[in-house]
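In order, the protein sequence lines correspond to chains W and H.
Number 327 in numbering that gives the first Met the number 0 belongs to position 328 of the first sequence; there are no gaps in the numbering.
Number 2 in numbering that gives the first Met the number 0 belongs to position 3 of the second sequence; there are no gaps in the numbering.
These are calculated hints, taken from the structure and not from any lab test.
There may be inaccurate statements among the hints.
Within a straight-line C-alpha distance of at most 35 angstroms, the following computed DSBU-like cross-link-like pairs (lysine-lysine) qualify [said to hold, decoys possible]:
no., chain 1, residue 1, chain 2, residue 2
1, W, K330, H, K134
2, W, K287, W, K259
3, H, K38, W, K162
4, H, K217, H, K46
5, W, K314, H, K179
6, W, K330, H, K38
7, H, K134, H, K248
8, H, K134, W, K314
9, H, K179, W, K330
Covered, in the sense of this in silico footprint (three residues per stretch, anywhere, with C-beta under 8 angstroms from a C-beta of chain H), are these stretches of chain W [unchecked claim]:
no., segment
10, 117–126
11, 228–235
If you're wondering where the values come from, they're calculated on a predicted model, not measured in any experiment.
Glycine included, each C-beta is placed from N, C-alpha and C at the ideal position.
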Amino acid sequence: MKIEDKKRVLREMVLHRRFEERCYQAYIERKIGGFLHLYPGQEACCNGVMEAARPGHDYVITGYRDHVHAIKCGADPKEVMAELYGKETGSSKGRGGSMHIFDTDKRFMGGYALVGGPFPLAAGMAKAIQLKGGDEIAICFLGDAANNQGVFHETLNMAALWKLPVLFVCENNLYGIGTSIERSTAVIHQHKRVAGYNIPADECDGQDIEVVYEHARKAVDHVRAGNGPFFLELMTYRYRGHSMSDSRGYRTREEEEMWKQRDPIFILRDRLIAEKALTMADFEAIEKETDAYIENEVIKFAEESPEPRVEDLEKYVLADRESQLPWLTGKAA
Amino acid sequence: MANIMYWEAIQRAHDEEMARDPLVICMGEDIGVAGGTYKATKGLYEKYGPLRVMDTPISEGGFSGLAIGASFLGVRPIVEIMSVNFAWLAMDQMFNSAAKVRYMSGGQLTAPCVFRAAGGAAHQLGAQHSARMEKVFMGIAGLRVVTPSNPRQAYGLLKSAIRCDDPVFINEHELMYNMKGEVPDGEYFHPLEGSEVARAGTDVTLFGYNISVHWCLKAAEILDKQYGISAEVVDLYSLSPLDRDGIRKSVSKTHRAVIAEEDEAPVGVGAEVIAIINEECFFELDAAPVRVHSALVPQPYNHTLEKAAIPDHEDVVKAVLRLFGKA
């Protein structure tokens, strides 16, 4: 990666980290309800892959740990936070919540809360791209545990059979909710599982963004060139529990400390410092500016935005009635 | 008017819509090279090719989700579920993705996807190939449910379902694919909402949908000829939403109601129609409404037991006679 790109991505990753940590605080303050799944520890995965892809052009879909993916695709952090606050100005107008961030203008096609659910949706978007003849690709980010669902295998089979332009990114964070991969899955290294479908696959360190970027470039190029699907496994770790109700009793503090020694932001920061492209003071300034931005703009926007109107409770269940009248009444022109 | 079969009507709707719009595609098990289990996609593979007429692996959850994902980007997929029983495997995607995506995205995304399934009990297909599942689909917000009782509806409902921006589930019937009926020669879009008076009458309303409309029509004939009872038959081709106005209007006229459903009674169409009658026109009733429905059993294989489990026109006649104190 070029120095300038690395500096830009470092700033983005700091935003992603601080955004999530601020969500944690807002959740404790009961400003955010429901379930909240946070991304710290895994930032290099989404950022590395999307640096190799085209955010806003390629179609991206993921599970419920979706805030950072949406922001990376171009969603406004203010709207994402407003969504978490359940506000009308939220990216899904307060109807979705943390697990259902959408920004279709930026081609972020949503977060979905049924584990594995996005697999066939991603393949379907790839099918649409194939029919329409564009150069976009579909990118599906999911965790390792999603691969234990039946639709994982059904989707891999169809994607390979029909040579669909879809990149499956497996963020292997070693846990499915509170069950470790050794205890739930017969194969630890997920890329081995796709060999049976004749899908090329690769695995790499998910903590070092430059490593992710190099592997992702090959994966993205493969798919964009019309060679069909690709499966990229990134070995990573989430610092926080699965969601907010999780006290992490299923893993040791030693293990967590070991992974924090390989923090994706610090790896990139230290490399830039070693390359004399950054000083520690620069980094601290980035953190400060980011916190100020989150507090003064993101949180402020969410706090001050209006609630949805109760009169609009049933809006968006079905398509706008007026536009559908010919088919609802049979009185087509 | 052409007198054609139910499957031919469905095939014609596919063909016209696929000829019009290159983004209309269809997919399902055996629908392409094999021509479709019920011939509803006959000849389309040869005409439109494998990219648009997709023979899928036997992966209902997977290909239903794939169709929904394609519909996010403007494709209009028509998914054939070979037997409605297999739809249980597709329901996660149909309900959690297609039906909810518009709402949970605040109106940004929609899944204009059509799911057609052969429903109903046929002949001795046993417990896992005879389910009637319309009641499962009609309780889902964000999903439209229609069920054609004749070739005209089969053609026109599919045409409208393909054009509509909402996901639509079409409940067909295994025993009806060879039924003949009049279909307009020109393009015809059947309303996705409402109900239809299939036979006018004054003394009692018989509510049916799909195959039970035919039981009701036959029963009305018998009631008229043998008992001098004038029965109105209302065809509830739209199960979601149900036509509250149509139900109220007919019951307000006849003051008596029988609901005939091939499904089992609990949490079913009959229960819902009776609730609507209570809410809309309770004081118009001269007698408590009655349901005619299947026995609550997994469908038996044995022919005699199967016949005992599923109602028919005779059960509708009996129910009406009881309402009038004649049985």
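Each hint, compared with the structure:
1. Using a Cα cut-off of 35 angstroms, the hinted pair K330 (chain W) and K134 (chain H) holds, with the two alpha carbons roughly 28 angstroms apart.
2. About 21 angstroms separates the Cα atoms of K287 (chain W) and K259 (chain W), which keeps this hinted pair within 35 angstroms; it holds.
3. Distance hint between K38 (chain H) and K162 (chain W) is fulfilled; the C-alpha atoms sit about 28 angstroms from each other, no more than 35 angstroms.
4. For a cut-off of 35 angstroms, the pair hint linking K217 (chain H) to K46 (chain H) is broken: about 40 angstroms separates their Cα positions.
5. Between K314 (chain W) and K179 (chain H) the CA atoms are separated by roughly 40 angstroms; this puts the pair beyond 35 angstroms, and the hint is violated.
6. Restraint check for K330 (chain W) and K38 (chain H): satisfied, since their Cα atoms lie roughly 29 angstroms apart, inside the 35 angstroms limit.
7. Of the supplied pair hints, the one linking K134 (chain H) and K248 (chain H) holds, its CA atoms being roughly 23 angstroms apart against a limit of 35 angstroms.
8. The hinted pair formed by K134 (chain H) and K314 (chain W) meets the criterion: a straight-line CA distance of about 24 angstroms does not exceed 35 angstroms.
9. Restraint check for K179 (chain H) and K330 (chain W): satisfied, since their Cα atoms lie roughly 25 angstroms apart, inside the 35 angstroms limit.
10. Note: the segment 117–126 of chain W has 9 residues with beta-carbon separation from chain H under 8 angstroms; the three-residue rule is met and the coverage holds.
11. Chain H is given as covering the segment 228–235 of chain W, and this is violated because 0 residues of the stretch bring a CB closer than 8 angstroms to a CB of that chain, at least three being needed.
In the structure shown, a violation is registered for the earlier hints numbered 4, 5, 11, in ascending order.
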